[in-house]
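Enquirer: Chains as they are written, first to last, in numbering that gives the first Met the number 0: chain W, 0 to 249; chain B, 0 to 335.
Calculated directly from the structure, the hints in this document are not laboratory data.
Be aware that a few hints might be false.
From chain W, some residues computed to sit far from chain B (all C-beta separations above 10 Å) [claimed, not checked]:
(1) F69
(2) T95
(3) D150
(4) E246
Taking lysine-lysine pairs in the DSBU-like style, the calculated list, with each CA pair at most 30 Å apart, reads [claimed, not checked]:
(5) K55/B / K166/W
(6) K103/B / K166/W
(7) K178/W / K120/B
(8) K147/W / K50/B
(9) K9/B / K166/W
(10) K249/B / K283/B
(11) K50/B / K166/W
(12) K79/W / K50/B
(13) K60/B / K166/W
(14) K80/W / K50/B
All figures in this text were calculated on a predicted structure; none of them were measured in a lab.
Glycine residues also receive a C-beta, built at the ideal position from the N, C-alpha and C atoms.
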Amino acid sequence: MKLKIAFSFLGTLLILFIAVPLFKMIISVEPAELARTAIQKDVVASILLTLRASLWSTLAALFCGIPLAFLLARVNFFGKKIIEGLIDIPVIIPHTAAGIALLMVWGRQSAFTKLTGISILGTEVAISIGMFFVSMPFLVNSVKEGFKLIDSRYEKTAISLGATPWKAFTTVSLPMAKKSIISGSIMMWARGISEFGAVVILAYHPITASVLIFERYQNFGIKYAAPITVLLIIISFVIFIILRVVEDKQ
Amino acid sequence: MIKIENVQKKYEGFEIQNIHLEIKKGEYFVILGPSGAGKTLILEMIAGLVKPDLGKISGIKGSRIGLIYQDYMLFPHMNVFQNIAYGLRRKKEKKEKVESAVQKAAQQLGIFHLLHRNVNKLSGGEKQRVAIGRAMVMKPDIYLLDEPTAALDLSTKIQAQRLFMSLHKEGQATVIHVTHDFEEALALGDRIALLFNGQIIQKDKPEEVFNNPATKEAADFLGYKNVFSGEIRESLMHIHGIEITTPVNKASPAYIAIRSNDIILSKKKIFSSARNYFIGEIIKVINRGSHLEVLVDIGILLHVDITHQSYREMGIGIGNQVWATFKTSAIKVFEH
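Next comes chain W alone, as it looks inside the complex:
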């Protein structure tokens, strides 16, 4: 009993640390002001762009990330620890540094642009690339842990029943890992939405929500940055509650 009280106290401190700033910010914005902000064209556009760009990056990560996660969970190979470390790097480094590193590959001076003549800087693609880089570890690690939890004998059983390895993967491993794939995707999408550092370097425009908040704060001060911040928090919060409910239903 005493232990539970002590733990509740410590837990409460943490929750307050998160909740108080959010709460103060939310009550600082008048509902009328919030409503006005919600119909501003550039605000709506930036929020939609953010949600969309992060969705593209998550879908792209699913396409390559699930196979990679499966390999990491099932196969032991030389250099595996290095690969796993590499995947975690985007989480560790400052995201502005990630943005700079990405410029080397996708910037105006890059081989890519020189060869193709295409510059992606300042496009929605660039935003997705920035988001992808910094948020992909959440997806890959979550899916990897999910596959690790599945006894490989399920796949062996499927193969012994005549399934090809591909069929065993799609009919057994994949559906059994569904929960971690969904939760990894939610995490990655969420992390993408909140990304600022890498995005601002690759694409100041078109303007994402995080960049718009930064811009309004820079130009007009906290009072003008708050409404859009609150709006973004409310929208994200509602979406994630819905997604978590859907996830639990699975």
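Use these hints to put chain B onto chain W, whose structure you have.
Expert: Positioned in the frame of chain W, the structure of chain B alone reads:
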């Protein structure tokens, strides 16, 4: 015939060495050994799921294999019907054919009423039947059973053993059954191979293996409770002040093993052809269900199995003095 020649494999901490086995078509072959001996790995190699590092497994090509793992590995995201239908659907069988095959198997296994249930909510025995059904509908030539009864209670286990016998007979399938339960091995196997630490130490008919274990470890594992070590000179082993007459003239160091139902208890000394008779005190009586296990201290502790009836009729109990008699030929000797 399935031929396993000189197979070696290192895998996740296990090492399997030098496995030679020839399993005849239609044989019920049991691989018996403690957990961690590498039994599952052998089955997975026979099934072609794991490649041996060295050696060769032949006689499998073109055979249909029914692999059943200890914890059944039912696909948790599919119901009973979908689990059983899994293999047939991979073969792209017609819908009606799949349905009738699944229903027939379910009927035979007594799980027809469970077909639309969630597999996670079944009992152990039911889960196992589903696993058997899933393998059975593929009409395997070879069943590979990996500790299939280890997680079942006694009555379900006996039912399952009957089921394996009938699968074997009806389908004329070869069965390779892996277990750590020597009673199960004795009950089911046409032949038994003993696997210890990744090596086959003995393979023979069940009675042969049971009556003549090849090593001390095998004797321990086969339920020999009286295993003693010492030195044998002029046919005698001296241990703790007593002399046991053994069938071997000289062995040093050596183990001897005596089965607990090869020892006779009596209230008076029996004059017989048996060379070993000792007086001792009963210090414990353990009820083993079908019989009693009596522990007699004759200088060393002897485990003796007797029936409830003889225990009653002899009128003996803890603290009584009794004679323990056994023949020299009942002693198995193993050199270190």
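Enquirer: Hints first: check each against the structure and report whether it holds.
Expert: Results for each hint:
1. Even its closest Cβ contact with chain B, about 17 Å, leaves F69/W beyond 10 Å, as expected for a residue assigned away from the interface.
2. A cut-off of 10 Å between C-beta atoms confirms that T95/W is not in contact with chain B; the least separation is 43 Å.
3. Non-interface status of D150/W relative to chain B is broken: a Cβ of that chain comes within 10 Å, the nearest being about 7 Å off.
4. At roughly 15 Å from the closest C-beta of chain B, the C-beta of E246/W stays outside 10 Å, upholding its exclusion from the interface.
5. With a C-alpha separation of about 28 Å, the suggested pairing of K55/B with K166/W holds against the 30 Å cut-off.
6. Restraint check for K103/B and K166/W: satisfied, since their Cα atoms lie roughly 26 Å apart, inside the 30 Å limit.
7. Taken as a hint, the K178/W and K120/B pair is honoured in the structure, with Cα atoms around 19 Å apart against an allowance of 30 Å.
8. Taking the CA atoms of K147/W and K50/B, the gap is near 22 Å; set against the 30 Å cutoff, the hint holds.
9. Restraint check: the Cα-Cα separation between K9/B and K166/W comes to about 28 Å, which is no more than 30 Å; the hinted pair holds.
10. For the hint linking K249/B to K283/B, the alpha-carbon distance of about 34 Å lies beyond 30 Å, and the restraint is violated.
11. Distance check on the hinted pair: K50/B and K166/W sit about 20 Å apart at the alpha-carbon level, within 30 Å; holds.
12. For the suggested pair K79/W and K50/B, the alpha carbons sit about 22 Å apart, so the restraint of at most 30 Å is met.
13. At roughly 21 Å between alpha-carbon atoms, K60/B and K166/W fall within 30 Å of each other, so this suggested pair holds.
14. Simply put, K80/W and K50/B have alpha-carbon atoms about 25 Å apart, close enough for the 30 Å limit, and the pair holds.
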